[in-house]
Amino acid sequence: MKKSNLWQKLILFLMVLGMLAVWPVCILRTEEKQTMEHDVYEVTGEMPQGSVFTQYFRAEESVLNAFELVIDYDPALPAEGIFQIAILNDKNEMIYDGLFPYYLVKDYTFFRLETYNLRLKKGDIYHYRLTNQDITENLPHIAYTRKSQPDGEGYQRMLLNDTEIEGEAFARFEWKRPYDFLSILMMWSCLGLGGFFLWEILEQWKNRTNRMKKGEKNV
Amino acid sequence: MGQKEKKFRLQDFGIWFLVLLCTLVLITLCFDEGLDYDEAYSWHTTYRNSFAGVWQAILDDHDTDIPLWYWCLKVWVAIFGESWFVYKLFSVMGTLATMILGATAVRRIWGNKTAVLFIISVSLSPALLHNSVNVRMYSWTVFLITACGVLVYWMSDRTRKLWMWILLGFLTVVGLFCHYFTAFCYLFLYLFLLIRVFLQNKKESCKVIACGVIALIPFLIWLIIFDFFHLVGGGAAPGVSKTELKEIFQYLFETEVEYSVLLGTGVFAVAIAGVVLLGKKFEKWEKYFVLMSLVMTPLIFGVMGYVSSVSYHFFTPRHVLHSAGLMWLGIAIVLSRINVMSYLCGLLFVGSMGASAYEKSYHVEYETTPYMAETKALIAERMEPGDIIIFNAETSFGLVYDYYLREQQLVHVSQVNLEELAGKPVWFLDATGKHLSEEQLKGWELAYEQIDGIYGFRQSDNNTFFQVYKLDIKEPKE
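Chains as they are written, first to last, in our numbering: chain A, 222 to 440; chain B, 6 to 483.
Same shape as in the complex, but just chain A (with noise of 0.2 Å):
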């Protein structure tokens, strides 16, 4: 390729950008729910202020968009109160915390809590805890599972008030995993196409600047 000018450097960089974004920092990722199997639920004791819902779970892939739960209480009453939820590693580091209102919570339906493309490190265990900061009626359940869930492999210890319950924890998670193969070289061709398609535009630009420069006839 002919002496490129600043624009044409600033394209070719932006298309770089956009293909390392895409493979191998993998910026930008594709979403992957993890299906459940309708079963039979159970519901754990009752949740008075101050307790702790604990569930261990492994990192499925680095990054984790959103996880669901399901709690239970009675529509019929007021739902009034804060729960804070908070993601733990291994060593008990707490990489994401946040409060959300009771009333926001549907009865017995999975509520999303959005983590932000929160980074993890893929196959390490990890913990979230749900505490019961300041709800004193109507107070809420966590349902779960007692049978295995299909990729129960995910699923780790659940725990209330550091009282181990008997099950398999019941979570969905959404998880951001990298491109295939395929969906990488048709991204990185596209953009690269676009890209030099671009570099072309500016370069017939610049070759017919140019000539007008030189006071060509007919440019």
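Bear in mind the hints are in silico, worked out from the structure with no lab data behind them.
Values in this document were obtained by computation on a predicted structure and should not be read as measured data.
Check each hint, because a few of them may be wrong.
[Said to hold, decoys possible] Covered by chain A, per the in silico footprint, the following chain B stretches (three or more residues, Cβ under 8 Å):
{"id": "1", "region": "281 to 294"}
{"id": "2", "region": "338 to 348"}
[To be verified] Pairwise CB distance ranges (calculated):
{"id": "3", "chain 1": "B", "residue 1": "19", "chain 2": "A", "residue 2": "310", "range": "54 to 62 Å"}
{"id": "4", "chain 1": "A", "residue 1": "234", "chain 2": "B", "residue 2": "278", "range": "16 to 24 Å"}
{"id": "5", "chain 1": "B", "residue 1": "15", "chain 2": "A", "residue 2": "344", "range": "43 to 51 Å"}
{"id": "6", "chain 1": "B", "residue 1": "53", "chain 2": "A", "residue 2": "335", "range": "52 to 60 Å"}
{"id": "7", "chain 1": "A", "residue 1": "335", "chain 2": "B", "residue 2": "444", "range": "50 to 58 Å"}
{"id": "8", "chain 1": "A", "residue 1": "237", "chain 2": "B", "residue 2": "278", "range": "18 to 26 Å"}
{"id": "9", "chain 1": "B", "residue 1": "278", "chain 2": "A", "residue 2": "435", "range": "26 to 34 Å"}
{"id": "10", "chain 1": "B", "residue 1": "168", "chain 2": "A", "residue 2": "234", "range": "54 to 62 Å"}
Note that CB positions come from ideal geometry on N, CA and C, so glycine has one too.
Assemble chain B onto chain A, guided by the hints.
Showing chain B alone in chain A's frame:
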């Protein structure tokens, strides 16, 4: 042998090897025996009818088909034998013809780079790959329209001889008699030729009109016989088609890759932008031809959507496929002109898109028929010619069942008359749980013997798998 000659021979070998490779890739998708509804219709129309019967069947069905492709399929099967592989091979031959066009005419006019990109995209791009192994006429209409387009471009640039007009007319008639909606593609191609010839030699432009009219006459006669515009039959049009333009791009570019439609549309957009903004890289009329090839598909979508609404014919995205070969030719020409890196990226794109499309088609061909082997074994071992088969899937899916149960007699559950079936060997294929009504059962006793296992043909929305029962029909003792 000189260096130049060696290089040419190597390029020759390379191009033809690519054609062979793409053909073999398509053939690998031809070994299963799962039929979709349209394929069952093709088989049924061809197998169950004589040549004259095909004509009458098409008239009765009031579809968008015309008999020629069915007649050709009948001849093909008569030569090579009655097997589903042979049926599928007929579609592969259509795409092979387009690839040969790429290796010869396209290569001669636009060069090796364009030919390579064209050959890969017309064989392995999502919609064209699927239709290359689907027993319908689309792989052949793609060839006919593309061949006509290349001929029109080539003719417009030189002294036109009689044999060129005859060939053009022939390709037009054959295409029109394979599928109605090729007419719109020919309209644009003839318009291009007319304008070009008119500007070169006004007197000769009447030859374009004459060729078009002569080719159109048999088609118009057919439209009148078929009552395409309801001049005789009357009846209200069903309303404008609900198909949207984005569905067309979805059909042309979608694979398992996320954003594949967006990426494919992006490449399409680059091609249009390329021919507009880099006009100096093309000769004047070459630019117009490429632009026409690219915009033909979305333009035809608009025209066909309207025509199908006033002529009482359904319209699906597949009906714009006829111009897809020309669209890819346009993309190939542009991408090979931008610069070397753009071409390589374009090559990588069609290659990876083709790999993803193959993955999807492989799943459709081979992984949607998990119970095929045991179903065919059951039919072969337990069912006799003349046995009655009651089924409760949608009535139209009787055509699919007919392929596998061609020696048996199919009856839809809603049309069962137990009096006629008493004493005969009767089977029941239960796909939906719908059984005989109380009215049908009045006065009769039915004993069901369930055959162990799950059975089925190709997995599809309303025609999935079924349980098989042997029925014993008894008139109760008074």
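Against the structure, the hints come out as follows:
1. 281 to 294: holds (count 3)
2. 338 to 348: Our answer is that it holds, as 5 residues pass the Cβ test (under 8 Å) against chain A, meeting three.
3. B/19 x A/310: 54 to 62 Å: Holds, at about 55 Å.
4. A/234 x B/278: 16 to 24 Å: 21 Å, holds
5. B/15 x A/344: 43 to 51 Å: Given range 43 to 51 Å: holds, Cβ gap about 49 Å.
6. B/53 x A/335: 52 to 60 Å: 59 Å, holds
7. A/335 x B/444: 50 to 58 Å: 57 Å, holds
8. A/237 x B/278: 18 to 26 Å: 21 Å, holds
9. B/278 x A/435: 26 to 34 Å: Holds: the Cβ-Cβ distance is about 28 Å, inside 26 to 34 Å.
10. B/168 x A/234: 54 to 62 Å: 55 Å, holds
Checked against the numbered hints above, the structure breaks none of them.
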